[in-house]
Structures are given as structure tokens and as C-alpha cells.
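J.: According to full-length UniProt numbering, numbering within the sequence shown proceeds without interruption in unit steps and concludes at 236.
Accuracy of the hints is not assured; some may be wrong.
Label-pair distances were calculated between CB atoms; the ranges are [what the hints assert, rightly or not]: (1) H11 - P72: 30 to 40 Å; (2) S24 - A92: 17 to 27 Å; (3) G214 - R169: 24 to 34 Å; (4) A78 - H11: 23 to 33 Å; (5) R128 - R225: 36 to 46 Å; (6) A8 - P72: 15 to 25 Å; (7) R57 - T111: 20 to 30 Å; (8) G40 - A113: 20 to 30 Å; (9) L132 - R70: 38 to 48 Å; (10) T111 - G22: 39 to 49 Å.
Simulated from the structure, these hints should not be mistaken for laboratory data. Computed from a prediction, not measured in an experiment: that's the story for all the values here. Beta carbons: idealized from backbone N, C-alpha and C, even for Gly.
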Amino acid sequence: MNAALTAAGLHTYYGKSHILNGVSLEVAEGRITALLGRNGAGKTTTLRTLVGLTPARQGRVTIFGVDTTRWPTFQIAASGVGYVPEGRRIFANLSVEENLKVPLERGGPWTIARIYELFPRLAERKFRRGRLLSGGEQEMLSIARALLLNPRLLILDEPSQGLAPLIVREVFRVVSQMRDEGISVLLVEQNARMSLEIADYAYVLDDGSIVYSGDASALAADESRVRALTGASVEQ
1 MNAALTAAGL HTYYGKSHIL NGVSLEVAEG RITALLGRNG AGKTTTLRTL
51 VGLTPARQGR VTIFGVDTTR WPTFQIAASG VGYVPEGRRI FANLSVEENL
101 KVPLERGGPW TIARIYELFP RLAERKFRRG RLLSGGEQEM LSIARALLLN
151 PRLLILDEPS QGLAPLIVRE VFRVVSQMRD EGISVLLVEQ NARMSLEIAD
201 YAYVLDDGSI VYSGDASALA ADESRVRALT GASVEQ
């Protein structure tokens with residue numbers, strides 16, 4: 001199977017602090033890959049390195065067969081990569097529909113009409129300002145804005161953070177559907193159980209190094225290992 005994204009030997013620093021210590025991973029085309037780990041393990045830094053926000057000092061990033069290691073973030077996005085950072089970055093004073101009209105459209109199947117089919121909650125609230133949405137609705141809007149760029153690869157950072165369990169399930173349903181649409185997904189999450197439930201392959205990061213890589217279902221079946229590696233339970 002072809003790789004949508006490959007990272008090889010990434011070393012990333014913040015000042016003199018060595019954050020990523022030779023991180024290597026691969027996201028297969030049309031599959032969901034989960035990147036798990038404790039708080040402070042380096043997961044967000046890994047994503048920022050992959051999309052050019054925090055460039056690696058050493059190592060290589062390849063996206064759809066092209067070396068993007070030194071590319072600026074806007075060029076990576078234009079190549080078909082959607083990035084949804086943690087923090088639900090939307091335009092708080094714009095309505096849902098106005099938020100959806102902001103991304104520059106790339107040719108492809110995702111339109112505002114399709115977004116409303118995928119996220120009925122957004123359709124019901126299309127005239128509501130972003131700041132008046134619930135946390136879950138803001139996360140849906142963040143993902144929706146990324147999808148309107150018609151990405152081939154979607155990178156998500158903690159999409160379930162701070163959400164109610166019912167909304168978490170709805171967000172994960174959408175992430176799973178992305179695979180059905182042929183979109184490759186790299187998912188960073190604290191929710192180990194639900195991540196492993198939908199992922200095809202999993203990595204665990206600890207103190208800036210990959211300490212596990214393998215089949216997601218195999219890891220999910222070994223709860224003691226999940227707890228030891230991530231500090232979380234598959235029964236959470």
C-alpha cells in the first residue's frame with residue numbers, strides 16, 4: 001500500500017530543548033493512523049513538524065511521494081493536506097456559514113452542501129456565530145473548514161478534547177467516515193479507546209520517541225500495554 005505521508009528520523013527542538021528524538025512514522029493511503037501518548041510526549045510537536053510550523057533540525061518528511069521537509073505550511077496545505085490544530089480555531093464573530101465560506105476552495109467533492117449532510121448540527125446552526133456554538137460544534141466546524149479544502153490527507157490534533165461523550169462519538173463517526181471517502185487520516189488523541197477502535201495502525205510516542213508501532217486492534221486487545229504506554233485505559 002502506498003504511503004500518504006512518511007516521516008523519517010525527525011529531530012525537532014524548541015530553543016535548546018530536544019523535543020523529538022528521531023521520530024519515524026508512516027500514514028498509509030486511505031487509512032486512519034493514530035498517534036497516542038501521554039501529555040507532553042511530543043504529539044503536537046510531531047504534527048507541527050509534519051506541516052512545517054516547527055521545522056525539523058534533522059530528518060525528512062515526504063507527502064504523497066514528494067519531499068516537503070523544507071516547504072512552508074501554505075505550500076503543504078496546497079498540496080492536499082488539511083490540518084486541524086487543537087484549540088478549535090474558528091472565526092468567533094462569523095456565522096457557521098460565513099466560517100465555511102472563508103477557506104479558498106480547491107476542486108473536489110467537498111462543498112458546503114455536503115458538509116451540512118455530514119454535520120446536520122451545523123446545518124441547523126448555520127446562522128449562529130462561532131462563539132455561541134458548543135465546544136463540540138466548534139470542533140465540527142474546524143473539521144468542516146479543513147474538508148472544504150478537499151484534502152487527500154487530514155491531520156487532526158486532539159479533536160475530542162473537552163467534549164461530552166455523546167459529541168465525542170459523533171466526531172469519531174465523522175473521522176471514520178473520512179476513511180470511507182478515501183481520505184488518509186493522522187489522528188492525535190488522548191482517548192485511546194476510541195482512537196484504537198477506528199484506527200487501522202497505531203504509534204505511541206513517549207518523551208519524543210516512538211515506543212510502539214503496530215496494528216491498532218492488536219494494541220487495543222492488550223489493555224495493560226495501552227495503560228503502560230499511554231497512561232490511559234481502553235475502557236475509559
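J.: Would you mind marking each hint as holding or not holding in the structure?
T.: How the hints compare with the structure:
In this structure the supplied range 30 to 40 Å is violated for H11 paired with P72, their Cβ-Cβ distance being about 20 Å. Between S24 and A92, the C-beta spacing of about 38 Å breaks the proposed range 17 to 27 Å. The given range of 24 to 34 Å is respected by G214 and R169, whose C-beta atoms sit roughly 25 Å from each other. In this structure the hint that A78 and H11 lie 23 to 33 Å apart at CB holds, the actual value being about 26 Å.
Between R128 and R225 the beta carbons are some 43 Å apart, a value that agrees with the proposed interval 36 to 46 Å. Taking the beta carbon of each, A8 and P72 are about 20 Å apart, inside 15 to 25 Å as hinted. Evaluation of the 20 to 30 Å hint for R57 and T111 yields a failure: the beta carbon distance comes to about 40 Å. Between G40 and A113 the CB atoms are about 41 Å apart, so this pair departs from the stated range of 20 to 30 Å.
L132 and R70 have their C-beta atoms about 41 Å apart, which keeps the hinted 38 to 48 Å range intact. Distance hint check for T111 and G22: the Cβ-Cβ separation is about 41 Å, which falls inside the suggested range of 39 to 49 Å.
Hint violations for this structure: numbers 1, 2, 7 and 8, all remaining hints satisfied.
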